[in-house]
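Full structure from sequences and hints, please.
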Amino acid sequence: MISWKTLLAGFLIGLIAGGGWGAWYAKEHGHFWDKPGGREVRLLKEFTRELDLTDAQRASVSAILQSQRGRIKAIRSEIRPRMEEIREQAGGEIRALLGPDQQERFDVLQMRMKEERRKREENR
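Using this note's numbering, the letters of the sequence shown map in sequence onto residues 55 to 178.
Treat the hints as calculated values from the structure; they're not laboratory data. Don't take every hint at face value.
[What the hints assert, rightly or not] Each computed DSS-like pair below joins lysine-lysine, with the alpha-carbon atoms no more than 30 Å apart: (1) LYS59 x LYS99; (2) LYS99 x LYS168; (3) LYS59 x LYS168; (4) LYS127 x LYS168; (5) LYS127 x LYS59.
[Stated by the list, open to error] Simulated DEER-style distance windows between Cβ atoms: (6) LEU151 x ILE126: 30 to 40 Å; (7) ARG125 x GLY73: 36 to 46 Å; (8) ILE140 x ARG112: 35 to 45 Å; (9) ARG136 x GLY76: 38 to 48 Å; (10) LYS99 x ILE56: 46 to 56 Å; (11) ILE56 x GLN122: 37 to 47 Å; (12) ILE56 x ARG172: 27 to 37 Å; (13) GLU170 x THR108: 36 to 46 Å; (14) GLN164 x THR108: 42 to 52 Å; (15) ILE129 x LEU152: 11 to 21 Å.
If you're wondering where the values come from, they're calculated on a predicted model, not measured in any experiment. For glycine and all other residues, C-beta sits at the position ideal for the given N, C-alpha and C.
Take a look at the structure:
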């Protein structure tokens, strides 16, 4: 029978790996969420096409979307420390399950992932 620690470790490793893969995919494929104004541009194009917006409506919708971006950025800033705390706790729990050689490689992996997150945040 599989112990709860093994299941937890598998879950957390999968969670971290999935997050890493998602970050890589977004970086490699130029995901619009990571481009300044990218989401707003895409939504504005879609709204204009689907709703036949007038020029005045288009300008108003664009202003709303840009305003929304600032509010979302503020919320991310508020929750970022809490998310980092959870990441650090999970990383500590995973590290405790690993052997010495694995811990060294895990530490390098963690540093690389942290640097990638920092770079993404700079681009927002």
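- Tell me, in ascending order, the numbers of any earlier hints that this structure violates. Result: hints 1, 2, 5, 7, 9, 15 break, sorted rising.
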